[in-house]
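What follows is the residue order along each chain.
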Amino acid sequence: MDDWDSWGMLACLCTVLWHLPAVPALNRTGDPGPGPSIQKTYDLTRYLEHQLRSLAGTYLNYLGPPFNEPDFNPPRLGAETLPRATVDLEVWRSLNDKLRLTQNYEAYSHLLCYLRGLNRQAATAELRRSLAHFCTSLQGLLGSIAGVMAALGYPLPQPLPGTEPTWTPGPAHSDFLQKMDDFWLLKELQTWLWRSAKDFNRLKKKMQPPAAAVTLHLGAHGF
Amino acid sequence: MALFVVFQTTFFLTLLSLRTYQSEVLAERLPLTPVSLKVSTNSIHQSLHLQWTVHNLPYHQELKMVFQIQISRIETSNVVWVGNYSTTVKWNQVLHWSWESELPLECATHFVRMKSVMDDASFPEPNFWSNWSSWEEVSVQDSLGRGILFVFPKDKLVEEGSNVTICYVSRNIQNNVSCYLEGKQIHGEQLDPHVTAFNLNSVPFIRNRGTNIYCEASQGNVSKGIEGIVLFVSKVLEEPKDFSCETQDFKTLHCTWDPGTDTALGWSKQPSQSYTLFESFSGEKKLCTHKNWCNWQITQDSQETYNFTLIAENYLRKRSVNILFNLTHRVYLMNPFSVNFENVNATNAIMTWKVHSMRNNFTYLCQIELHGEGKMMQYDVSIKVNGEYFLSELEPATEYMARVRCADASHFWKWSEWSGQNFTTLEAAPSEAPDVWRSVNSEPGNHTVTLFWKPLSKLHANGKILFYNVVVENLDKPSRSELRSIPAPANSTKLILDRCSYQICVTANNSVGASPASIIVISVDPENKEVEEERIAGTDGRFSLSWKPQPGDIIGYVVDWCDHPQDVLQWKNVGPNTTSTVISTDAFRPGVRYDFRIYGLSTKRIACLLEKKTGYSQELAPSDNPHVLVDMLTSHSFTLSWKDYSTESQPGFIQGYHVYLKSKARQCHPRFQKAVLSDGSECCKYKIDNPEEKALIVDNLKPESSYEFFVTPFTSAGEGPNATFTKVTTPDEHSSMLIHILLPMVFCVLLIMIVCYLKSQWIKETCYPDIPDPYKSSILSLIKFKENPHLTIMNVSDCIPDAIEVVSKPEGTKIQILGTRKSLTETELTKPNYLYLLPTEKNHSGPGPCICFENFTYNQAASDSGFCGHVPVSPKAPPSMLGLMTSPENVLKALEKNYMNSLGEVPAGETSLNYVSQLASPMSGDKDSLPTNPVEPPHCSEYKMQMAVPLRLALPRPTENSSLSSITLLDPGEHYR
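Chains as they are written, first to last, in the UniProt record's numbering: chain A, 1 to 223; chain B, 1 to 977.
The following block holds chain A by itself, in its conformation from the complex (with noise of 0.2 Å):
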């Protein structure tokens, strides 16, 4: 547990150095406005999808066919406690900022808990190291929205008491089943990272000044 919580830690310093140059305090040049923020969010969303392709990878491999052909799309009937990336277009559409980011930082809530118990039952050493790994770094991106909600005034979503996502390894729920859930949180994580970039895509054309806009625009491709 400690380990845990000491990689959170690290997270947690990940985080607040990552947003050092967005505290008005310490930028001198005045208030550059949660552009920056959006922006670095932004490019660690595609870092993070850059990542989780070779973790999944390897991840599935570790967890044998069927689960690691590449056709293999089962129905989603189990795994109904991961939050759904999918949703229909319009109503993407429709969200406001508020609501796109809480959307956000309580899916990957919900699924860096989830992650850290698919951590705990990885068999092999390099595995685990892979998952603390971007578990870290999903902590870093959580951190990350929460301080773009908190530069445009927005609060963070309380946890309802009770409702604490938590990995339990049920004993009604078979191998078959567990090694599904663990094929269904990785694939909806690559869902939300992807719908998170076009996410803060949006959030970032609507924030910054349109003659800024090809800077960052060129800036995003570093990744």
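Hints listed in this document are in silico derivations from the structure and should not be mistaken for laboratory results. Any given hint could turn out to be false.
[Unchecked claim] Derived coverage of chain B by chain A (criterion: at least 3 residues anywhere in the stretch with Cβ under 8 Å from a Cβ of chain A; other residues may be distant):
hint : segment
1    : 175-186
2    : 198-211
3    : 221-232
In this text, a Cβ means the ideal position worked out from N, Cα and C, and glycines have one as well.
Keeping the supplied structure of chain A fixed, place chain B upon it in accordance with the hints.
Using the frame of chain A, we list chain B on its own:
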């Protein structure tokens, strides 16, 4: 009814206690039927659990009974298993029995019934079966819950190689269900429209995270659901190998084994197998924390024998191995300690050590290993507690490593670890005389003897050699001897000895003493014998030498030679009965000549040179070519010589020379043969077989022809390096003759010229006396003074003769003409020295066309004046002028002609030349006759040019017979005046 039963039972028991016969009769009449059969399921173990009681069982009596059980699947008629279960039944006992189904219970309804028979010896025959109980139905399907597809068994753990039946239950028969094992579709047997079973035979171990099996229900291409199981296949637990226990201190038994394959599975489905140690005599058990070793505490001193069972266990299997041993037979001693060496001298030492005490009266067997000088010696010794061993026959001054290990002597189990120590024996005097040889340089009055010796081998040195003693004893004067001490590691010394016989003794000394002496005698004339040198050939870097056996007392032979390039004397001793040896050393280099000298050693230790041999271990081609000189070059031959070429310093024996000659002629000269060079060109080759023949006369050559030659030596390995050919050209055949003629001629001409110079006045007077000048004539002054003060010499241009009177006064004419000449000379002084032949316009700037002539001797002026820098290039020049000077060649040509004309070498009729007329015309032809007509200029521009010459300056020098008319004609300006 109950009362009746109680009464009946009581009645029977009373009777049984009285008479056995009576109870037999009762049993026959009242069969013991199984009742209250209840069946429950255990999904995890896929088992049916049966429990029942037996009716009509006598009170407090145990009866042996057999129950036959029938199990049907899906329907009662489909009996899948029938078996008997024998047990002892007590009154009012609830019986239990389990049956494991290969088909998951969730996939089919099962039916169970049983019947019983008494199988007790106390009841006589005949026994008969009771009636079947009623079918008991077991169905788990109803408890599956919601869902369209179910796959069983869930997360089953099986051993590798076992057979597994899996099945699925599809709620909707409309769905098409496909099942996959590790991604490959599998096909099964349909048990009913909803249920299909798959028999997997001998399942393999794929991974410790389990084998995934899943089924997918679909309608058309639409997937309705997916369900699967993970089949955990464990590797088969192996029996532990090499299980053994031993003690080092009689307090702990250390047991070890080879665990074999780890059977752990992922997701905590099965941990690694556990190991338990069980000792049957004490009944103690210990769960081992390590997978390959375990320590057992010995608590009872009295227990000598142990019976250990090692049990390996996982969820599926248990394996065990057993060993029975006496504790004293499993003693693995700790390694000995306090290893020391006492009384170490040059050849002996005492080794001592101690052994950890185990029990009283324990005898140990110890093994000693002695390592030194690349050898190993082994000794065994039996000891109690303190060990001691006398090591003998050691080498002096040698470092040894001795080590010891021990074991229980009475019951050998295994050796302990080694304990060792190094020690060094003391030095001893060197055991062998050094191998000594010498080289002698005889000089007038003395010998310079250089002594060489080889360092003693470690075996013979017996320590570190500190110095060598050389004792030189004069044999002719025995009282005089000299001792020299030469510190090691020197291996030679130089002695200058007079012409006496000397005996030299050399000893090697270490800290203990001296070696035996090596004796060598230098005679008065050590190397006076002239010996023919024989050539030998080395093969593969070695030389085979043989020599004639020497008559007389010979104690041995010595072959010596010098190593190159170190130039160190080497030698080899050969026994007296041997007359051949092979000298082989890595120091031999190809292309280096080695000189071997073979000496015989007399009994007086005097060396006598017997033979000399020289050779190359491998001959190479010559490294350089001779510098060839060409002399005696004639038109038909030349001589090539290379006297300076040294044949001795070559990397092979020079066998001769090849002379290559190239010439334009295709045919080779006599004695030469055609040869093709490495570049493909052809030439002629002459071979000289004698290496000392260092000259060649190449004859039969053609005059004025060029030849190229190249001389290269050759050895058995080939020719010298390629080099360029040297060119030689034979001279002309007549050239010498010409020299013989020309030189006297030149000498004669020079002589004539000198004579002419010395006698020039005489020649002048004789050949061309001065012409008298009329102006300088004495007669002129006489006339002026006496007759007419205004009288002047008539200028020939001032009068127009209409009649010529010839006066025959030779003397007077002479004087007149001389006076005229003087006048002309004076006039010349007022005039410029240069006369512009081609006047230019006034406005012409810069140097005009200036073909000019100096004074009257213009012919000469043309050859050296600056006219050539004034080529008539003015565009305004008259056409005639341009015509004249159109090209410098013309000018040069013209001037050249002029010059030639002035020498009077103009051939007759060549009238186009400049100024021929100036001198030649009036004087040509008949010298004494005047021309009646003016000289007609030829029709050429050159002559016209002459017409433009101002009269005064262009006036030709008058001669005695000069014509006045011709002068007039040449001076138009004066004419107008």
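For each hint, the structure was consulted:
no.: 1; hint: 175-186; verdict: holds (count 3)
no.: 2; hint: 198-211; verdict: holds (count 6)
no.: 3; hint: 221-232; verdict: holds (count 9)
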